[in-house]
Amino acid sequence: MAVATISNGRYSYYHDDQTGSCNVIDSHHILVKQSTMKGFLLYLTILLLLADTVSLILLQETPGVLFFWVNLFGIIIVKSLHWNSIEKESVLIMPGLGVQLETHFRSGRVVHRFVPSGGILKPVLSECVTPVTCYWSLGLIVRGEAELLLVFQKLRPPMKMLVCVWKALCSASDSKERLGAVVQDQ
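Numbering (the working numbering), first residue to last: 1288 to 1473.
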């Protein structure tokens, strides 16, 4: 049963708790709402590419250097707007087995990463401060790895969405961290 628990202007958080006789997968999804301007630019670029190609065919001209550069530039714009954009990132918590991290791209490509439950030392919420911005990230301290493993590799969801996933990871990894220590009013 999927319930949209938290939503803001850019992200939506869905918690899907599949408990039953043999299903004990706790899944958390952060969906990215598609920008209307990005979609408009994508379709406008495709339309301009088609118009350029059709005009070349109808006028029966030999393709010039400008034709190739315009089409190459258009293809690069279409590829960057569509193929690399992220649709959602998911955290699948399987008690006793581990945590599977998934990144779904709009092109259909899915990147999976599995972390066994014995390798997770502690889930942590950390504040990342740069000269330009400040954001929160959720990471896993994994046994045998020198660096923190980010749960959401590409997205930067707000704190109130990260807290829900952090609590589920703490309860699944038997972390002795106090769950009430995080202020949720941010």
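What the hints contain is simulated information worked out from the structure, not anything from laboratory work. Hints may be right or wrong, so weigh each one.
The calculated DSS-like cross-link candidates involving lysine-lysine, where the alpha carbons are at most 27 Å apart (straight line), are [said to hold, decoys possible]:
1. K1375 - K1454
2. K1325 - K1441
3. K1409 - K1447
4. K1320 - K1454
Verification of the hints:
A C-alpha spacing of about 20 Å is found between K1375 and K1454, which places the hinted pair at or below 27 Å, so the restraint holds. Under the criterion of a C-alpha separation no larger than 27 Å, the hint pairing K1325 with K1441 is consistent with the structure, at around 18 Å. A threshold of 27 Å between alpha carbons decides the hint, and for K1409 with K1447 the separation of about 19 Å falls inside it, so the pair holds. Taken as a hint, the K1320 and K1454 pair is honoured in the structure, with Cα atoms around 24 Å apart against an allowance of 27 Å.
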